[in-house]
Each structure stands twice: as structure tokens, then as C-alpha cells.
Amino acid sequence: MVSHQHPLAEVLKGISVAHLGGNLSEFTVRILGDLGARIVTVQPEKPSTDSRTEEAHSAIRQAHYTAGAETRTTVEESTALIELLSQHEVVINACEGGSSVPVLSAQQATALREKNPEVLICHITPYGLNGPWAGRPASDLTLLAAGGFMGSCGYDDGVEAGLPVAATGGQVNHVTGMIAAIAILGALLQQGQQPRASGRVLDISAQHALAVSTEMAIPYWDYTGQEVIRHTGRHAMPRQTPRWQHPCGDGKHLLALPLYIDDRRFAALKEWMESEGFDHGLDDEKYQRSQTRELHMFDVVDAIRRFASLNDSGWMFIEAQKRKLPWAPVNTPFECVEDSHFTRHRTTIEEISEGERTIRRVRLPFLISGATAEKGHEE
Amino acid sequence: MSAEHSEHFELTGLPLQGVTVLDFTWSVAGPTMTRYLGGLGARIIKIEWPKGPDPMRTAMFHKDTKEMTYNNGAFFSNLNVGKESVTINVKSDEGLEVIKDLIREVDVVTESFSSSVMKSWGLSFKVMKELNPSIVYASISGFGHNGPHAPKNTWGPTAQAMSGMTAISGVPGRDPAGWGYSYLDVTAGYMGAIGVLGALKRAQSTGEGTRLDLSQVETGLSLIGPALTEYLTTGAAPPETFPEGNRSVDPYGRDVGYRGDRAPLSNVFRTKGQGDNDWVALTVETPEQWEGLLKALTPALDEYAELAFSALHEQVEAIESSLSEYFLEYEKYEATELLATAGVPAAPVQAGMDRVENDPQLAERGLLQNTEHPALGDFRVQALPVLAADGQDEWQLKSQFPLLGADTSTVLREVLGYSQEKIDHLESHGILWPEGVPREMKIERSLW
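Just so you know, the sequences run in chain order A and B. Taking my numbering, I'd label the letters of the first sequence as residues 101 to 479. Taking my numbering, I'd label the letters of the second sequence as residues 758 to 1205.
Some hints could be false.
[To be verified] Simulated DEER-style distance windows between Cβ atoms:
1. A:E454 x B:E1063: 41 to 51 Å
2. B:R1202 x A:D383: 49 to 59 Å
3. A:S116 x B:L1173: 51 to 61 Å
4. A:E214 x B:R1011: 47 to 57 Å
5. B:G1123 x A:G414: 44 to 54 Å
6. A:V175 x B:G930: 18 to 28 Å
7. A:W415 x B:T1055: 55 to 65 Å
8. A:S205 x B:E1063: 31 to 41 Å
9. B:G1193 x A:Q294: 43 to 53 Å
10. A:S375 x B:E1151: 53 to 63 Å
[Stated by the list, open to error] Derived EDC-like pairs: lysine to aspartate or glutamate, alpha-carbon spacing no greater than 20 Å straight-line:
11. A:K386 x A:D362
12. A:K215 x B:E767
13. A:K424 x A:E376
14. B:K808 x A:D363
15. A:K352 x B:D932
The hints are simulated quantities; they were obtained by calculation from the structure and are not laboratory data. Computed from a predicted structure; not experimentally measured. Glycine included, C-beta positions come from ideal geometry on N, C-alpha and C.
Turn these sequences into a full structure, and let the hints guide you.
Written out as C-alpha cells, the structure reads:
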């Protein structure tokens, strides 16, 4: 049972979602379930071992994505399966782990629509239902490569320079899930306005979802003929730019975003450094105005790097933010989630009862608000 | 067609036809949210003031653009396709009244300012609800609108660092690799769109308005994955801060706990050409895939023919070394084809050029949609990544772009029913455009 407090937590109450195939569909199911839909996972009598996680992690993975879902055993006989699925408003037709072919065949999907024309079917596959790469085997890593994420992420220095580094956390699952959820919610709204209309049949490709989620990479190529270069945490750029991450005195890194430092903020930055007795070396006239300063950003960033190395990341964060500088420590997620901003002042973390144990997890961001005790958070 | 089917009709139009969004968002995260709402058919009214318009109007122009203006930025146009532009001085009393009139008529208000801006205008959710009980108000900010960090400034990369999204990728012994672009600008926009769609569904059934207070940092936390749920539930954190580059299993065969998959062989390998993106990625997560790899790469991997899948992680260094040598003889698409044919998950590493020019799958799906831009002519934008199956109508982005202030009069007439006399009055008093500012403003220097 998921503990919901947000007004949207029951918005899909009355909607029943049949979930076929766990590959790339778990986050879609999480989103719909957290919005109040009933989730029914339809799986074979003897589900194949989930190769995506060790046994020790699989229960947590299940709780993370599909807590509260009911389970139904697949009926082998096709007519009975169609009958079972036809009782739901939404059918998510994805692939089993290791496969790139959706559980429900095209013929079965057609039969399902014949049986219940109003059912909304969302096919979720690595590359889409059609096209030369449809049905190709895929994984989180290979889709991060094909979808463009690894074209931007990695190092631009040291022995690792140029090595594409994959983002972690299961982002293929996440991005695909968000795009599929947008499409499903849109289609449900439309069906709510047009009773007796046939349900939408959606074709979601993980690679396609990723390909439009890389910020400036495609625009830079398509509009300027330039390719973004691979580098560490910063905005995508088609040229070498100074690093934004600097080691601090406490061993952590600081993300010191040097963009949008207007003349007023630059003066505040210098004054801050001077107040700490730091020799910034930024008094030359060329640094004082943004138009000329931007030509010498490597010097400015080097001063920030030297200053950061002498101080703790937490102190740098607080003091920088006082001066309207959008900087932050490079936390681990475990550090961030212990911050009182999230634990006390926001409803960031929820507790879910799963059988005899309690699962704690981060809520989806549209279901988070100011904590109840925080007066005026909705005003 | 069955009897049941014949009683039904096909859905027509776009899902959000009839929905109107008053859009104060700027930069990337907020406009991404409203881009998707517009893509689903909502009317998006983008509110700006010419003395401080959306800074993305000054960023990344098309290589053929000779004179840069606020209206012909390529990046801005791609991000804000399908939207109308209205200019109003919200800081004036009369301008604020126009905004309040609009709030009475629209379905959704969106913004991505710092946490105090809307309140400083007197536009709290409480006020909005008094004006329009079913209003949906969605904000996207760094930390949300309450709590000790609420006033702090963030951009996407800042939120990535703060949330842990940066720290969990990279190579041990080095600084985190993190993200080479602003992932949380994109994904906070997606989460915002989901929230608004949910809130519209709620308004559809209850008539009640909803306040959505999205935070980019919390978006990052929600995308960390099961590893964070494990930590919050059991207190256990992975032994390393981040996994070994692109591997998902450590040299002892243990799941590193962060990757979307668990594959004893998982990495990228240089291919012929040695360009920045001449790499192929492959994973082996099942015994069948291991067999497929051995067959496809014979004789290069023959010495491992007897190696069981369960022991693969023990030899991973040596196998990767053989693969590194092997793939140097192949183009990345050639290597991908070889592996995919053998049932091994593989893909070329693709950046912008490859996805636009060389990827037959994305071309088949229509990665880019052709539009007509009033200032740029034929103009391609990234299409919605949602296709219709079974011959249903596709969802297409509207071929419309927000030229600064170009739709002000139309919106005031159509949405508010203002008379021309009233519009002229507002115009002449500097409420709809600042006095002395030319209508077409040139940009001296692109932001980037």
C-alpha cells in the first residue's frame, strides 16, 4: 500500500493497467501506479529469473518500481489471455528481460482491440515496432549509446579522455517511462472527453525517447553543423570549455557553474575571495566586463578552482549561494537525501508497507510538496 | 470488424485541444514541459517582457542566419515550437490585471522562476484559485518553493551535482564524469508535463485545481534508481561511489547496484576510424548472448570457448582486451550488425550527427519534423517521440513559433474578448510593449 498525501495520488483511481513484460516498462508502471492506477502485472507461471539484478537486489528493485502491483499468471491459451487483458483500461505491452519483442504479438493486439475497442495499448520496445532496427537485442548500455547519451558524457582529460561513460541509475528505463507516461496520460484525457472512442495504440521506442532528450546535441548538429564534445558535468558544447567541477579542501567536489556571472555577481565573487585573503589575480581590466571576461573564462575558472581547493564544499555552497552564484557540492545521492530540506521540510521521501516490511523511497517529483507543518507552502 | 468495434469511432484531434496554458517559463526545463503540452494540442501562451525576454532567444543561431534577432534563434525555436507569444508588463498594475483576466480563462499556469517571483507579483496559488477554482499551477524550481534551500539558485548541472546524479557515474579514482549536458533540464520538463496531465485529469473529473511544486533536485533524486531505495530502506550503500566505468558487475561478480542491467560483460570498444564517436557498445547478460558472441567473433574469442557464462566476470579484463583489438578492424555500424545478428545487444555510440544523418531507425521513426518558420523558412524540429500504431493519426507539433509579442492582440481578443479600443489603450500606455524599444531587436552576440 503506497502512502499518498498528494491530491494527484488518486487521479487514476478506477483505471486498471495490465503490465506485460518488465523490460523498459517499469518506470511507466511506477508513474501510473503512483497516480492511483491499479497495476496488474501479468507474468508467466514460472517467471524467468530477472537477470538484471542479483537476487539480493531484485526485491528492492521490485519495490522501487512496482510496489503495490497485483500479479496475475499468464494464461497460455491466447483467447483466455485476450479475455483477461480486455478487462483493463490500459495494456502496457513491453518485452520480457533479455528480449526485444513485445509479449503480445501484433495479431494478439489486434484481437484485443476487437474484444475491447476502448482499451489503450502502449507498446514499449527498445527501438519501436517497425524499422530496420526493430526487434534488435538491446540493453541499458547499448541504448544509452544508440540514443546519444554516451555521445555527450565522459571525460575530456586524462587517460580517460574521449572514453564514453554511461550514465547510471537505469536512465533508459526512466526516460522511456516518462515519455510513455506523457503519451498514456494524454490519451486517457482524450478518451475521457470522447466516450465510446476507440483506444489509442501507442508505439514507444526507448532509443527514440532518448534521442530527443540530449539537450543541445541534435540542435548543434542540425542547425550549426557542429558536434558537441564529450566532457564532465556541464552544459553541452561543441568546443573545449573550462571544467566546472573542482576538488575542495574536504575531499568533495564543487560544481561551480561559471555561466551567467554578470558584472555584479563577478564583483561579489572577487570581494568574497578578497575577504578570505585569497589572491584571485582577476584585477586586470579585461576581467571586469562580461564581454571581455568571457574571452578569459579559463583564468576565472582557474581562480575558482584554487579558491575551492582551500575550502570545504559545504561552506562554498552556502557562501556562493549568498552571492547568487548557482553552485553546489557534488553530493552522493545518499548525502543529498539526508539533507533536512528533504527530510523535514518537503515530502520527498515516502514509506510503503510491503507485506511485513516498510520500504522507503523518493517520491516522484510531481507528488512532492512542502511538508504539512510548513505553513504557507501552497500559498 | 467485429460488432463491438463497429459501435466505436476513432479518436479525433489532439489530446489537449481546448486546453490553454499561460506559460511564464523560461530557459530549458519549463519550456520543455510546455513544449510537450503544446505537442499534445494545448494552446500555449508564452508570456514575456521585451526588456528581459527568455535568454534562450539569444542562444544558438542557424549557421545560415546573417542577422540574429530575438525571433530567429534556432535552439529557442526548436524548444518553443507550437507556442504563441504575448508581451505584457506584469509589474504594472494594468498589466497584472490583464494577467489575472487570463488566469480566469486558462486551464494551466506554468512558471520556472526562482521561488519568490510569483508571490512578489501577488500571484500565489491561493489568489489563482480565487480567480479560477480549477486552475492547475505548476512551477519548476531548483529546490521547490519551501524549505531552507528554496531561495537558492540552480541550473540543471547544479541540480545534478546536488542530487547525486553527477556522482554516480564515472571511473573510480577520478572525479565523477556525471553528465555532459543538462539532463535535469530535460527530465524536470518531462516530470512537469506528467504532473500537469495528471492535474488536468483531476480537473476533468472533480473540477478542482491543483498546485504542483516541482524541484529539479528532487527530480534528480527520483531518477537515481533502486540503489537509493535500498539505501533508504536498509542503510546499505554500494561499496564504491560509482561503478567501474561502463561495467555493471565488479571483478568479483557482484552487481554494482547502479546500472539498469546486470551484465558480466558490458563496455564500449574503439572501432575503425578513431573519431570521437567511433565506438561500439555491447553487453552480454545471458548464456545465450555469450554463446552468440563466441560464435560471431570466432576465432578471436576461441580461447574462451569453454568458459562458462557464470565465470565470465573472472576473465572480463582479458576478454575486453581481445575485443578492443578485434573491433578496430570494423566500422561501428558494421560491428553492431555483426553482433546484433548473433543476438548480442550492441549499438554504435552516436552523437548528434549520427542520429540525424546516419541512423536508419530514427529516420524511419521521423526524428525530425519539417515546419515552416516565419523568419527561418523551412525549419526542422525534434518531433514528439510517440508514434501511433494501427494506422491511427500521428500527433504532430504545430508549425507555429512565438515571435516576440506577435500574438498579443490576437490572444487578448480571442481569449479575453478585449475590444480593440482596450487593446489600443494598453498598447499606448506601454503595457503591451515598452516604449522606445524597437519591435525587431538585433542580437549582437549569441549567448552560445
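We went through each hint and held it up to the structure:
no. : hint                         : verdict
1   : A:E454 x B:E1063: 41 to 51 Å : 43 Å, holds
2   : B:R1202 x A:D383: 49 to 59 Å : 24 Å, violated
3   : A:S116 x B:L1173: 51 to 61 Å : 41 Å, violated
4   : A:E214 x B:R1011: 47 to 57 Å : 48 Å, holds
5   : B:G1123 x A:G414: 44 to 54 Å : 48 Å, holds
6   : A:V175 x B:G930: 18 to 28 Å  : 52 Å, violated
7   : A:W415 x B:T1055: 55 to 65 Å : 59 Å, holds
8   : A:S205 x B:E1063: 31 to 41 Å : 37 Å, holds
9   : B:G1193 x A:Q294: 43 to 53 Å : 50 Å, holds
10  : A:S375 x B:E1151: 53 to 63 Å : 59 Å, holds
11  : A:K386 x A:D362              : 14 Å, holds
12  : A:K215 x B:E767              : 16 Å, holds
13  : A:K424 x A:E376              : 18 Å, holds
14  : B:K808 x A:D363              : 18 Å, holds
15  : A:K352 x B:D932              : 9 Å, holds
In the structure shown, a violation is registered for the earlier hints numbered 2, 3, 6, in ascending order.
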